[in-house]
Amino acid sequence: MHRILYKYSHIRLYEIAASLIILIAVLLRLICIALGWPLLDSDEGTMGLMGMHIAFRNEHPIFFYAQGYMGATEAYLAALAFRLFGVSSFTLRLGLVLMFAGFMIGMYLLTSLLYTKKFALITLIFLAIGSNPIFTRELVAVGGDPETLLAGTMLLLLASWLALSSHPDTTLRHQPRRLLVYGAWGLVAGFGIWSHTLIAPFMLLGGLLLVLFCWHELLSLAPLLLVLGMIIGAAPLIYYNVTAPPGQNTLFYIMHVLKANDAPVLPWRVLFPMELKGAFLITLPAATGASPLCYGAIKDVHLLRLGSVHDVRCTLVHTGWSLAVILLWSIAVAMAVRSFWRHWRRRSDSSSNMEERALLIRHSARLALLFNAAITFLLYVLSPNSAFYPVAAARYLIGLLVTTPAILWPLWMGDDSLKSFTAKLSEQSMITWHRVKMQFVTRHGILVFMGSVLLLGVFCTFTGLGAAPAPVPHEDVYFTQVSTQHLDVPAVQRLNRQEDALIHDLLRIRAVHIYSDYWTCNRIIFQSREHIICSVVHDHLGPGHNRYAAYPAIVMADRQAAYVLHVDSLADQTFLHYIRSTDTRFERYKHYQRLVFDGYAVYQLVIAGKV
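Counting in the numbering used here, the final residue of the sequence shown is number 1975, and the numbers go up one at a time with none missing.
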């Protein structure tokens, strides 16, 4: 009786500890969004506008405005928060924090199922902290990232549970609970593929686990319920593609993104090295927790370059971190394959041994975690995005976070290759400890070091210490946030204050209908709660990429609409050129007055001597 009570209380302690870690992680992210971080750009402003239109106009978008992929889940969650708590960037992001909490719970259950409860707590600690890019991807409402984390974790968790609880005895095929879980797996898969195609590797490997270990149930109702759940989960995706005009289906948009059609076309022999450099030296470190130091273009990043202090830091952090991640992944795969093969060879001799079968399934699920990371990363490397947009495209590696326990497991448990390495260390050192202790200290020392790097990332994000190089002069900082680097809390708060001042000044001069660039328009519309309506123009002042057709129509109908352009930007220079030009085509631009405030040049039409 005492042993049972002890075991129960021990389990309860793990659950309490997990709850505390998850609570701290959630509070940390709530503090971030309460401080106005990350920087809200026009893409996220678009999601906020979708939420407003759902909440107050009864609109029902299926995808992110003006594209046929990336489901609108975040907009619907935002709409609920807007109705309950009002419209703000904070309420826009509450749904993301909720999905993150679900992801953390799922990761604890998955790691406990495949490894141990104690190790599950270590995994949660690593996932609770992280670098600026990781926090950004978890807290920016641009579609797909939190959904991929949550749905991907649940797919592998449900598939692993179904495999581990399966039984070759055919009388157990029709358990109602198992049938419900099959339906839930299909529902999550459908929801995931509607949200973003990043879920595809999770579906593939989770489905493979079901085929390998639950094939006895293929003739039951399980496959039917799985397919039915998938149809329900993907219903918005199916409906859209059935009704979409030619050339606007989901596949068209996905291929456009994968090919990076806006990027220069280069020969493969030139492009592939750039893809490798971008993926290994920028994106992989950023996506797995290293504090990002190597910002900028691929041509400025070099392998093992030891020049300036910045080059040394860049090399040690980015090159070293990527090599460490690849080494740990390789060791973890070797461990899992070796264990899988050992139990696979014994399967014929122990067909009735459920414990042996469970071990085989666990090692298979661990391999699924590792292969999920490999497939995700390989697809990313082969995309031009890794060459041209290595910072912005880090979001495509968000699924690597689910592989965290599999990557850290060799450091927690040890492996023959690690033991050999640490044994040599102990032989060559003057330390008189027992070799086993040296191995333990080395492995866990590396684990502590990695955790310290992640903790440092949190510290730098909040304080602004160790900031990245300044953006290129005259580069739009909102574009910078997306394309070349991530900003810390102090920098973002300064920009938020500047944005508030801009909105106040525009309302003061009654410039409520404006033309501006893409990275200004939708964030200003959202942050002003649609008191200011904006239409996008390109650098030569022609119509730009407007995601919501109603906005340009409103602005074009107002003949007194103002132009709000970044000071000294190409668009600002173009407007000044038109004003000074003697070409009669630009005569209408001569009737505008130029005002400068809050980093913008504001051109207002002058009528009868008055603005």
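Be aware that one or more of the hints could be misleading.
Said to hold, decoys possible - The calculated label-pair distances, taken between Cβ atoms and stated as ranges, are:
| id | residue 1 | residue 2 | range |
| --- | --- | --- | --- |
| 1 | I1918 | L1687 | 26 to 32 Å |
| 2 | V1591 | H1904 | 49 to 55 Å |
| 3 | H1909 | R1952 | 21 to 27 Å |
| 4 | G1611 | L1723 | 48 to 54 Å |
| 5 | V1960 | R1447 | 35 to 41 Å |
| 6 | H1941 | V1970 | 43 to 49 Å |
No lab work stands behind these hints: they were computed from the structure. We treat Cβ as the ideally placed atom computed from N, Cα and C, and that holds for glycine.
Evaluated hints:
Restraint check, I1918 to L1687: a C-beta distance of roughly 54 Å breaks the suggested window 26 to 32 Å. One distance hint, 49 to 55 Å for the beta-carbon pair V1591 and H1904, holds here, with the actual separation near 51 Å. Against the hinted window of 21 to 27 Å, the Cβ-Cβ separation of H1909 and R1952 comes to about 23 Å, which satisfies the hint. A beta carbon spacing of about 51 Å between G1611 and L1723 agrees with the range 48 to 54 Å that was offered as a hint.
At roughly 39 Å, the beta-carbon separation of V1960 and R1447 lies within the given 35 to 41 Å, and the hint holds. Hint check: H1941 to V1970, Cβ distance near 19 Å, so the stated range 43 to 49 Å is violated.
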